[in-house]
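Engineer: Residue-level listing of the chains:
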Amino acid sequence: MGKSLAEALVKFDEDAVLGEVTKRLDDGESPMQIIRDLQNGMGLIGEHFNTGEFFLSELLMSADLFARAMEILEPRLEGTAMDTIGRIVIGTPKGDLHDIGKNIFCTVAKAAGFEVHDLGVDVPVKRFVEAVEEVKPQILAFSALLTTAFNSMKGAMDLVTEKGLRDSVKVIVGGGVVTETVMNFIGADGYTTDAMDGLRQCQEFLKL
Amino acid sequence: MPKETMTAMERMEAAVKLEPVDRIPCAPLMDIFFPARFKGYTILEALRDWKKGFYSIVDVFDEVGGWDGMILPGYSVATTPHVYSGVSPGKNLFPGLDLGQDEPTQFEEKEALTRDDYDDIINLGWNGFRLKNKDRFNPMDEDRIVKWTERQIGRYKTEIEFWKERGVRSLCGAMTRSPLMILSTSRSLMEITKDIYRIPDKLEAVMEAMMDDLISDSIEAAKFTGEPGVFLVMERGGGFYYPLKIYERFEYPHMKRMVEAFAAEGLITVMHLDQDYTLNLPYFLDLPPKMVVAELDSTTDIFKAKEILNGHMCIAGDVPAALASLGTPEEVEEYCKKLIDVVGKDGGFIMSTGCTCPVECKMDNFRAMVEATKNYWPH
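Protein chains in written order, with this note's numbering: chain F, 1 to 208; chain W, 1 to 379.
Because the hints were derived from the structure by calculation, they are not lab data.
All values reported here derive from a predicted model rather than from experimental measurement.
The beta-carbon is built from N, C-alpha and C at its ideal position, and this holds for glycine as well.
Mixed in with the good hints, there may be bad ones.
[As the list claims (entries may be wrong)] Taking CB as the label site, the calculated pair distances span:
1. Gln203(F) with Lys256(W): 35 to 43 Å
2. Lys91(W) with Asp15(F): 50 to 58 Å
3. Lys110(W) with Arg36(F): 56 to 64 Å
4. Phe107(W) with Thr80(F): 35 to 43 Å
[Unchecked claim] With a straight-line Cα cutoff of 30 Å, these simulated DSSO-like cross-link-like pairs (lysine-lysine) come out:
5. Lys11(F) with Lys39(W)
6. Lys245(W) with Lys154(F)
7. Lys202(W) with Lys126(F)
8. Lys245(W) with Lys11(F)
Just chain F, same shape as in the assembly:
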């Protein structure tokens, strides 16, 4: 049963995925088990993406379907804590309103078992720092498509350092405009232009 759900997700078979999620819930199955099966499906999609067999469009389709399945499942968790492997605080910094890449990353990170705290777009410097203080994440992630975000990210990093929080988090920056130069400018630990590579780096961070 779990295999068929994962396979249906890999094929973006909307009716099969949502139908099976609903049916298994109606049959009284644990939502956490269904989520694990969906996560296995997203894991397979990640593997296909990493080998070049799948493209961003396939990641988009499956991430959207995963998110919709989660909308059905989350209300049924009834206070059950989800198994998570770590916490990520993420946002698009002040001056940049783009969120496509960020949203894809959030979904694949959730599917991989991260607890993701998405601050949204155009996020002020202070808000990042507040979220790091509140959530105590292992990872702080910035998503940027515009060069206007560079100074905002640097400002957030300076404030994180000033508050003595820098050693408590690994920092990654992702987005179409991001390069090693940007990573060095803001003082991050990693950078990426690809959601799955970003996820891989976050998983690596936790092993340290």
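Position chain W relative to chain F; hints supplied.
Structural biologist: Just chain W now, with coordinates in the frame of chain F:
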């Protein structure tokens, strides 16, 4: 410094036609954001006042001792006198209205079109659909739209003429987008992707119904402005997003037909390719030779592009936005020299910014790009 034996106009023309050059020409893609910062204007000030905006570009030109060409002559819209089909119905966010006064314009990723619109587009064509829905996509009344259109085309022609008098070639007299680009930005990337997978035949019919208007309006606009080139925006159809089987069905055939139709009218096409098109490069060999400029933003492998497209089409690009904004002049110079060494070998190359010159670009870095291009010629 190489001995210059060509005018800037001749150098640009030779680069596009893959003929020998005395050195690589430089032609940044320049909107008003970086020039406004240079002049100390807010983005809003430069956008509202055309003279302030346009002449801030001219001031950047003078500050660095000039360059050879403009991909686009300024920031006015190369529209036709009646309808402008190349604009996406999606919403742009403007400084002073939706954004802070000194923030660059940004695009809002929302569904301006729905699947329910598709039948109308198929039945009415793109312009017919837009006309039917003009109140929905544009809050201005018809009189104001006509005046806006006349103002834009008038300014566009003025910008082209201004550069001509300075001996600078503007490459494009019109601007349009591929059907996929228009639909992706007006349906949203997520929704158009669902359409591709869920209703491919319907989507294909929609795209087909858009083609005649996109082609004929671009040709008309280019003839009206007098500059024989079309700026064709394609940012969302490449291998970064989609597998080749999707590219072959939903982007490539339309791109090819547009470029061929423009070439038949003597118009070159500047393909504005944002995001990584490396996988798609071999397809470009089917486009009319010496009639296309592949303008790259630094995410496509420009060196691979040279390997594949050498002798077939001109390449423009691709000083990365991050390098221009955060790098040093020495780093920019080194990168530009590498471009000239490899991509500039045998000509067919225009030094340019990777996508538009970023608002955070440092003037010394911009100067380094222009000076490296003027002063370095190893071939």
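Engineer: CB of Lys110(W) to CB of Arg36(F), is that within 56 to 64 Å?
Structural biologist: violated (34 Å)
Engineer: With respect to the beta-carbon atoms only, verify the hint that Phe107(W) and Thr80(F) lie 35 to 43 Å apart.
Structural biologist: Since Phe107(W) and Thr80(F) have Cβ atoms about 40 Å apart, the given range 35 to 43 Å holds.
Engineer: Below or equal to 30 Å on CA atoms is what counts here, so check Lys245(W) against Lys154(F).
Structural biologist: The hint is violated at about 41 Å.
Engineer: Does the hinted range 35 to 43 Å hold for Gln203(F) and Lys256(W) at CB?
Structural biologist: Holds - the Cβ-Cβ distance for Gln203(F) and Lys256(W), about 42 Å, lies within 35 to 43 Å.
Engineer: For a C-alpha distance cap of 30 Å, please report whether Lys202(W) and Lys126(F) respect it.
Structural biologist: The given pair, whose Cα atoms are some 47 Å apart, is violated under the 30 Å limit.
Engineer: For Lys91(W) and Asp15(F), compare the CB-CB distance with the range 50 to 58 Å and indicate the outcome.
Structural biologist: violated (33 Å)
Engineer: Given the hint that Lys245(W) pairs with Lys11(F), test it: the Cα-Cα distance must not exceed 30 Å.
Structural biologist: holds (16 Å)
Engineer: Check whether the Cα positions of Lys11(F) and Lys39(W) lie no farther apart than 30 Å.
Structural biologist: violated (54 Å)
Hints 2, 3, 5, 6, 7, counting from the list given before, are not met by this structure.
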